[in-house]
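Q: Chains as they are written, first to last, in this note's numbering: chain A, 1 to 111; chain B, 1 to 226.
The hints are simulated quantities; they were obtained by calculation from the structure and are not laboratory data.
Among the hints, erroneous ones may be present.
As the list claims (entries may be wrong) - Computed from the model, here is a short list of chain A residues facing chain B with C-beta under 8 Å: (1) I10; (2) L12; (3) L17; (4) L21; (5) G22; (6) G32; (7) E37; (8) M57; (9) G78; (10) T79; (11) I86.
C-beta atoms are modelled at their ideal positions from N, C-alpha and C, and glycine is treated no differently.
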Amino acid sequence: MTGFQKKLWIGLAIMALLTPLGIYLPDRFKAGDAWGEWGTDKIRELLGYVPEGLKRMADLWKAPVPDYNFGGENATFGTQAFSYIISGVLGIAAAVLLIYLITRFLVKHEK
Amino acid sequence: MHIPDGYLSPQTFVPLYGVSFIFWTVSLKKIKQELSAKYIPYIAMAAAFSFLIMMFNVPIPGGTTGHAVGGGIIAILLGPWAAVLAISVVLIIQALVFGDGGITAMGANCFNMAVVMPFVSYGVFKLIGGSAKGGLRFYAGAFLAGYIGLSAAAILTGVEFGIQPMIASGPDGRPLYAPYPLSIAVPAMAIEHMLVFGIVEGLATALILKYFVKHEAELVYAMKEA
Chain A
1 MTGFQKKLWI GLAIMALLTP LGIYLPDRFK AGDAWGEWGT DKIRELLGYV PEGLKRMADL
61 WKAPVPDYNF GGENATFGTQ AFSYIISGVL GIAAAVLLIY LITRFLVKHE K
Chain B
1 MHIPDGYLSP QTFVPLYGVS FIFWTVSLKK IKQELSAKYI PYIAMAAAFS FLIMMFNVPI
61 PGGTTGHAVG GGIIAILLGP WAAVLAISVV LIIQALVFGD GGITAMGANC FNMAVVMPFV
121 SYGVFKLIGG SAKGGLRFYA GAFLAGYIGL SAAAILTGVE FGIQPMIASG PDGRPLYAPY
181 PLSIAVPAMA IEHMLVFGIV EGLATALILK YFVKHEAELV YAMKEA
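Work out the full structure: start from the sequences and follow the hints.
A: Written out as structure tokens, the structure reads:
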């Protein structure tokens, strides 16, 4: 790894440590879900009903770590912040691994 | 901008899977042709960066949240085809592991954020930045690349939401999937991204580019091409 790449990785590590800002600030400024990413409860609140097709497909997939949170919906901020950082690290690890696997046989190795 | 499961009708998400699949295939081919092995660590870092920057939810006080994607800077540094791969990998992990974005909507989300965004960004950068290697035009081009790229992806997402009531409704006339028409969905997605999140994306694009130009200018893909 070159010195420059090392610096970039340090930058990414610092970013990962700062990610809890991404849940703290929305909470602090009372900002809710992203537009169009509401759960079915919120949709019922907005429309008074849940569209049929949406209801059928909404829970199609049970993600192992929903919302980057290991602690469940009622987790304390500390748990959420910690989960968020761990999720960031896991996400990076998975992404790097996949990129290396995919490109491994793709790119010519030269001096 | 991560469309969840249930918001898009099969008439929408199936074709978008097809389109994304084509771009994934070509992306691998182009990476093979264009990039040497020394780029692989950078593609991996680009994916890591995109994953992280999407975790920084930016609040609109009392309203919604949104985030940058990193598609602009990745396209400028590594080329739009490498950006397709880096961001698609991130979106697939987000959907499978963290439930961020739907499984059925994966093709659509990849098309919006991993295909359209990097190509629009790259085009804007080349158009405005031209062959400059620094200076106002160069960095204005970088800012606008991120800003317009993210806005384009957001507007496209708004269109995908907005056409759902036209495509599918139940016997009672109620929409079956995303409920809001184009006249609501497109402005909602466009305005928040053009006023807030696009600025974040634009600034990140210009600042990171400045860092690369200073330290590893010969790496920057967009500065190599004629």
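Q: Each hint: holds or not?
A: Tested hints:
Against a cut-off of 8 Å between C-beta atoms, the interface hint on I10 of chain A is violated, since the closest Cβ of chain B lies about 11 Å away. Interface restraint check for L12 of chain A: the shortest CB-CB distance to chain B comes to about 5 Å, inside 8 Å, so the restraint holds. This hint is violated: L17 of chain A has a C-beta 10 Å from the nearest C-beta of chain B, more than the 8 Å allowed. For the restraint placing L21 of chain A at the interface with chain B, the shortest Cβ-Cβ distance is roughly 6 Å, inside the 8 Å limit, so the hint holds.
Residue-level restraint check for G22 of chain A holds (minimum Cβ-Cβ distance to chain B is 4 Å; threshold 8 Å). Contact between G32 of chain A and chain B, as hinted, is supported at the beta carbon level, the nearest pair being about 6 Å apart and thus within 8 Å. For E37 of chain A, the suggested interface contact is upheld, since its CB lies about 6 Å from the closest CB of chain B, less than 8 Å. Among the interface hints, the one on M57 of chain A holds; its C-beta lies about 4 Å from the nearest C-beta in chain B, closer than the 8 Å criterion.
For G78 of chain A, the interface hint is violated, the least distance from its beta-carbon to any beta-carbon of chain B being 17 Å, above 8 Å. Given the 8 Å rule on beta carbons, the hint for T79 of chain A is violated: about 16 Å separates it from the nearest Cβ of chain B. A hinted interface residue such as I86 of chain A counts as satisfied when its beta carbon comes closer than 8 Å to some beta carbon of chain B; here the least separation is about 11 Å, so the hint is violated.
The structure shown violates the earlier hints numbered 1, 3, 9, 10 and 11.
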